[in-house]
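Protein chains in written order, with this note's numbering: chain A, 1 to 89; chain B, 90 to 267; chain C, 268 to 376.
Keep in mind that the hints are not guaranteed to be accurate.
[Said to hold, decoys possible] Once the Cα atoms are required to be at most 16 Å apart in a straight line, the calculated EDC-like pairs of lysine to aspartate or glutamate come out as:
1) C/LYS368 to B/ASP245
2) C/LYS368 to B/ASP193
3) B/LYS181 to C/ASP296
4) C/LYS354 to C/GLU270
5) B/LYS182 to B/GLU232
6) B/LYS182 to B/ASP245
7) C/LYS370 to B/GLU246
8) B/LYS182 to C/GLU270
9) B/LYS189 to B/ASP245
10) B/LYS195 to C/ASP296
11) B/LYS189 to B/GLU263
12) B/LYS195 to B/ASP245
13) B/LYS181 to C/GLU270
14) B/LYS262 to B/ASP193
The hints are simulated quantities; they were obtained by calculation from the structure and are not laboratory data.
Given the structure is predicted, the values throughout are model-derived calculations rather than measurements.
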Amino acid sequence: MLDVVILIVFAMLGLALLLSLWRLVVGPSLPDRVLALDTMYINSIALIILYGMNMGTNLYFEAALLIAMLGFVSTVAVCKYLLRGDIIE
Amino acid sequence: MRVESRFRWLPTPFRSFLLFAVWLLLNNSVSAGHLILGAVLAVVIPLITLPFRTPQPLILRPGLAFRHLGLVLFDIITANLQVAILILGPNKKLNPAFVKVPLDLKEAMPITILASTVSLTPGTVSAEVFPWAESLAPGEEPEQYYLLIHVLNLKDEAELIETIKSRYEAPLKEIFQC
Amino acid sequence: MSEIIISILLLVGGSFVLIGSIGLVKMPDFFMRLHGPTKATTLGMACLLTAAMVFFSVRVDGISAKEVLISIFLILTAPISGYMLIKSAIHHKLPASEKTKGKNNIEPD
């Protein structure tokens, strides 16, 4: 049963990723695109964790943690750039 | 409000506890070696980084803080269900609005916690704190801070402000005693 | 037994993440779009990571609790990135949809 559920959730997350990608391409403004990128980071963390569950290994946890941290920092850095035209003043 | 800890060798007790817990979780073990190493790191890192930090108010009522945390976690779950229903419903029914909430809090740390709580709970995202820090003269203390929030579906403005003030702001005032 | 718990948590989490992305696509203006990803996606991730925690605790020997770290990290950082995004949106004077009330509450910078 779990295999089927994991497949269904894979499909859900893939769909979520595609919807975010659509917002990233369409825009219309820069903050919209940054928001879409931030959502895509979080969706990819979910995909990686799910892939680890599918393979039955815990090794992907560190990759997910790193993506979570880098995603947050890059979102804040890009927003700071949009606000001030500079990241470190 | 108190910024100095009672113990000189443990300037920020909660941060030390958090460091200890994160160390154990990262290593995924509770063996004696990791317990000792985690305890040493939890004491040493706050002491080394103390000179870089601006002093913030300490949590003075730990019991109440944990109860408030539980309440906020419960609210996050109910709020998410509400927002999910609102998102799936028709767009025409939504009444978005910007609401200005007057704050009793004055310190940066409690205001940050309040803004984050508001962002995670029912249908609201905190947008801005007025007055701007840049618009003030150095050392000047504004009489009243405002929190600007964006609401996805506004029903009653006065009720929303009352809920935020009594449910989320009052416990924070109690916890930090300011 | 544990399979049922894991399945329910996975399905709930996946639906919340999907709803967050639907909100991102469906809403008319930026300020309303922000609500989906900051709230629904965060809870969805918490559910998925709890499912992963239960899964690895059952399959592999010993309790595996480190997935909690990612949940805590996401719950702590989601409001902050949301705050930065809405601040930059206000700075860029993005149009809010016409029926938004209280637009004059935004102070000019």
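* Asked: What are the numbers of the hints the structure violates, in ascending order?
  -> 2, 4, 5, 8, 10, 11, 12, 13
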